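There are 2 protein chains.
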Amino acid sequence: MARYAMQVSYKGKDFSGWQKQPNSRTVQGVLESALELLAGHPVTVYGAGRTDKGVHALGQVVSFDLNRHWAPEKLLLAVNAHLPKDVRVMRMRYVDNSFHARYSALWREYVYFIWTGRVCFPHFSDYVWHRKQKWDISKARRACKLFWGTKDYRAFCRKSECPPSAFRTIHKAEVFSRGDLVWFRVRGDSFLTNMVRIMVGTLDYICTGKKDIDYLEELLQGKAERPDAGPTAPADGLFFWRVGYPWSLW
Amino acid sequence: MARYAMQVSYKGKDFSGWQKQPNSRTVQGVLESALELLAGHPVTVYGAGRTDKGVHALGQVVSFDLNRHWAPEKLLLAVNAHLPKDVRVMRMRYVDNSFHARYSALWREYVYFIWTGRVCFPHFSDYVWHRKQKWDISKARRACKLFWGTKDYRAFCRKSECPPSAFRTIHKAEVFSRGDLVWFRVRGDSFLTNMVRIMVGTLDYICTGKKDIDYLEELLQGKAERPDAGPTAPADGLFFWRVGYPWSLW
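Line order of the protein sequences matches chains A and B.
Everything in the first sequence is counted per the working numbering, starting at 1 for the first residue and increasing by one.
Everything in the second sequence is counted per the working numbering, starting at 1 for the first residue and increasing by one.
Any given hint might turn out to be false.
In this list, chains with the same sequence are indistinguishable; a pair is considered to hold if it fits within one copy or across any two.
Here are the computed lysine to any residue pairs in the SDA-like style, where the Cα-Cα straight-line distance is at most 25 Å [what the hints assert, rightly or not]:
id, residue 1, residue 2
1, 85, 121
2, 13, 90
3, 74, 180
4, 159, 215
5, 53, 17
6, 134, 93
Read the hints as simulated data drawn from the structure, not as lab findings.
Please read all numbers here as calculations on a predicted model, not as lab measurements.
The following block holds chain A by itself, in its conformation from the complex (with noise of 0.2 Å):
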């Protein structure tokens, strides 16, 4: 038995989202299928995020065991030969036997593109929430701030999913800007489900002068409820950048 560990790049827009659902075109599903046809055995792979239908990958990290060693760099052309081209596996490796791509990460991070332009070009509107209104870049920047540390985040996670502890670390939380392209990255243990595009929703209110900066610190309170917070911002807009893990993977 070996097991590998591989950075897996992919668009959304073609997937029910990562887990795998009967019926449904998962990054799961397709990855499975690639390895069990190389492998000629069950394979399950795990991902270090579970990403919603929609949300893009760059960097997800994923493991998995085969019964018998490959090069790690074979493997890598194999698998990317037998999956769609909308899924890549960019860079392969063998780990050791206590790896585990979800339990073994330090951090995780997300990057959220905001196109505020009128029009926008055609070859990344698949990639951007589309947000036809300018953002206060220098109030974003200050918002941002409040996110930084572990605060209760039961009101930036999806209603049915709300675990009894919603407390979560941030370690980082920037909004940058280019032109009409902005763009939002948060790095954290771990993330509640939608609670990035929460943060963007929530965001979004603040920058376009919909609410001010002292509603987004009472919403950190822990007395708020999901319906208090912004809205879910569309996944288009959402990548799974990077995830860490106590020694550099590649």
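Given chain A's structure and the hints, the job is docking chain B onto it.
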């Protein structure tokens, strides 16, 4: 009668290029159809440059006449509503009746993207030449300098379309890189058919060690023919980036 100029961006993939042809989906064709539907009379559009099949544009400039006056802002929205998703009008304005997108242009700028990594992210694989070999960037930079100025580009033109005089003036030609992404940016008065793609194919010979820099110097002496230069690099990596006029258009 009113004359308009618009900036047009498109994905090249599903177009047989700019120029109208019977039974082909062309950018000129879809723009004229959309405008004719709005105007209720025949419309001819003129583009600053004719892009080939598969070539993209961010900043194509297009001029045309309509019988009646439209507020440019309103016309922009109306045209976009009648266009397929892979073409977008980014800006629109009135122009003087002496303006012509092609004949008034002083320079054109193209950018060509090359992905030199083993595997390409699916999000931009339609927009690069996936050349799985590293480029020697310092060689690329030295080679680029040879393009500057007025030279005979007969070896850099599709044979059947080479005009009697193939002298062209290049104002600027530069190569940049970041990680596995390399891009070539070139600005000139005007370009021959396939010229930028043959420049890239020739740079590729030099930057991957197949030829040395003297080779390019010789090609530009006016004694070489098309087969002497490098191959025509694929259309996917090429973007018609920007057009310059005697005054700022936007």
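**Prompt:** Out of the numbered hints, which ones does the structure contradict?
**Reply:** none
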